[in-house]
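J.: Take a look at the letters that make up each chain.
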Amino acid sequence: MLDSNAVNSAISQSYKHGFVTAIPSDTIPTGLNEGVIRLISAKKREPEFMLSWRLAAYRHWQGMTEPRWSSVRYPTIDYQNISYYSSPLTNNPDSIDLKDVDPKLLATYEKLGIPLSERLSLAGVAVDAVFDSVSVATTHKKKLAKLGIVFCSMSEAVREHSALVQRFLGSVVPPGDNFFAALNASVFSDGSFCYIPPGVRCPMELSTYFRINAAGTGQFERTLIIADKNSYVSYLEGCTAPQRDRHQLHAAVVELIAMEGAEIKYSTVQNWYPGDAEGNGGIYNFVTKRGECRGDRSRISWTQVETGSAITWKYPSVILRGEGSVGRFHSVALTNNHQQADTGTKMIHIGHNTRSTILSKGISAGFGHNAYRGLVKVLAAARGARNHSQCDSLLLGNTCSAHTYPYIEVKNKSSKVEHEATTSRISEEQLFYCQQRGLSREQAVSLIVNGFCQEVLRELPMEFSVEARKLLEVNLEGSVG
Amino acid sequence: MNTPVTLYRDLFTELEKSLPGYDSLPLRGLRQEGMQHFMDKGFPSQRLENWKYTPVKAISQKIYHINNHACQGLDPSDLLPYLIAPLGVYRLVFVNGWFSQTLSDLHDLPDGVRVESMAKLVKDAPDMLEPYLKNKKSGSDQGFTHLNDALWSDGAYIHLSPGTRLERPLHLFFLTATSKKSMMTLPRNIVVAGADSHAWIVESFASLGHFPHMTNAHSTIILHDHAHVHHLLHLGENHSAQHVGTVESTQKGDSRLDSQLFSFGGERTRQEIHVQLAGEQAECSLDGLFIGNGRQHMDFHTSIHHTHANTRSQQLYKGILAGHAHGVFNGIITVPPHVHHTQSNQLSTNLLLSDTAEIDTKPQLEINSDAVQCSHGATVGSLDPEALFYLQSRGLDASTARNLLIQGFAEELLQRITPKLVQNWIEKHFNKGEYHHES
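Read top to bottom, the protein sequences are chains A and B.
Residue 382 in the numbering used here is what sits at position 382 of the first sequence, and the numbering runs on without skipping anything.
Residue 1233 in the numbering used here is what sits at position 233 of the second sequence, and the numbering runs on without skipping anything.
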């Protein structure tokens, strides 16, 4: 059938990561109960403390109701109709040697363009790739180990570095923090763990790649990054998923802890499958991300480029506890077709002279719905706190929307807080100018959108910045009319 | 159960017959309906997003007594400190919620302008009022408004025929003579500005004495094509007063509303202003200045709904907070799909003068159309130490320098008041503000 072929090629053009890798996987039946949690814990051969932690979170979760306050709309999720664990069957479940990994899996990552093996060494990026629920391979381990850096999958960390895990896990996002965080705490299957010892500057970018492959599964990964005194780490996270006509839930938790003088840079390029043009399928990305500047003069920055997901609902936040600590949030959120985003940040100023910057760029096209929701809270103790927020929205077409809900709470006089926001569309003059210089209308829009996001994109590491630009272009295709 | 809600129901049953409009079946029905809504919803709770920062319990838990007759025995000279000017102003005075003929002054009203007491009007022409009383747009979390629907006592009805101009300001003055028996007054005002009409309306609230009391006010303003209304709201009740008020305005094509709010008094104040720009080229400007000290709580909620193309709005709210005062600003601008070429600006700037004062500000935009120009901003800060130093280096003492900077902060809003008569009056109130004594 010629027609369906044409349709297929058109679709795969707009979402090039929408392939499914046919490899056998070990997926447990759908449903959630204590038995499932025990099963997940047993499959991962976790120590006792982890199981009881999970069970406590699960019991807490049972008493919670799903939050409904946000501006995103989605049909009720049936939590009993999700499989909470899916792992690709490999020869040896514990393998970290690339040779043992299923070649099909490697091919998958190849298609995604993540340089997992050789190319990677050249790029100087250490990758922990998470395929469905299980961490597949962690590269560059030995090189990092020499510096005392621990970078491994969460399940390995639970077994090998249980003291660190026990000390820090859940200390920023407690298991009962919110509905999705509690769900994550009870069923999380894998994720990345990273510990940078005092005084170490991590020599390469650390990276995790998430991919949801199996159908009907949810992905609940948990990432924990600890930067000890005066250390530095830059961390990248990328995500993709195949095209499915059903919605899939992704409820991750990311915790960052920066000790005295430490700096963590966390960058995300999120490209989950956004659903088709009618809004069918796609990932629900309900993630809790929070960092704590625990020590004085510590720094945490979040940079995110959100182009995928049917629904993005997350607020990467920073708790500025240490004196003189700095929190930064840079975000580009693009919603096209029927995508929805309710995203923003929270900056909680607790320590003296803490500073935070928020820069949020929202782009809505098609029937996209984009909301910025942010909180800047300056407690009475946070003398001399400083915040500047800027949230700009760009509207393309008259069926999309942009909402801005900034919350500003200030409790002392020595602090300065500023917020500004604008909403507008691309003006005809701008387009005309570009077009008379020989650009097509689409190129002109793409150029203007890229310029609009420039300030955020340049915060990303080089390779990611290029990818992010391309993603913006691809995702805007067909939205200019 | 003796909750405040059931006590108000009992009070309603007791008072119903004596409230204006009982003889008119539709109006009686509206009151009963209001009570029913109030019974269903009760007072809002702090868990509701729009009431998050408002200490609703402190406002609603106390039971107030409701007076069903005017207070007698006030002398016109008692009023003098509160008046804009003894002459040159039309004046409607309401004491304890009821119209006082003797204290009011409506001489020389131009033809085509009708100014009357609501209580009187419902007796004379209930049918005329019904549509205005009915068409309220309050949301589902407006327990206080429903209570006003059920129990409103009196207020002003102002009707400007097409083309009329009210040259002098019209002062609606609501005075509560407080006593040990805490009282709630529930004024209800209706302003209808016909096509091409023009008016200055000043609504002010004050108390005699220092006992606690509560005001639950509601005003509706309707502007027809090309009408222009200045609405100035002055909240200056005593420091144990609770004030909850709502202004709802609907604007037709080419009309203009200039709303100015000055809030200096009260213990806890919550004022809402809702505007619908329901006609092309309609325009509104909402300004506010609030000064809080001691333990005052001041809470301002505005919403502007651009339902028609080519409408414009601007907002400037400034807060000055000292002592343990708590200020809240929550403004929302909505543009529905397919409404084009709207312009809106919203700015909330705040000055914190002490480390125990708090401000929570939330300027919001809900834009569902692309052909818009919209911006908003918010700032929170304190007096600039360098500016203070500069002034002191020029020979001013610290407190003069400080006052000068505070005055400079407020000046922009004070300058916008017209006519001069009203401006002087507000400046007088501003200058005796209590922020002066605190450091």
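Do not rely on the hints blindly, as some may be mistaken.
Not everything, but these chain A residues come out facing chain B in the computed CB check (under 8 angstroms) [as the list claims (entries may be wrong)]:
1) Asp26
2) Thr27
3) Pro406
4) Tyr407
5) His419
6) Arg437
Everything labelled a hint here was simulated from the structure, so no lab data went into it.
Even for Gly, the Cβ is constructed at its ideal location relative to N, Cα and C.
J.: For each hint, tell me whether it holds in the structure or not.
T.: So, going through the hints one by one against the coordinates:
| no. | hint | in the structure |
| --- | --- | --- |
| 1 | Asp26 | 44 angstroms, violated |
| 2 | Thr27 | 40 angstroms, violated |
| 3 | Pro406 | 6 angstroms, holds |
| 4 | Tyr407 | 5 angstroms, holds |
| 5 | His419 | 4 angstroms, holds |
| 6 | Arg437 | 24 angstroms, violated |
Hints 1, 2 and 6 from the list above are not met by this structure, while the remaining hints are.
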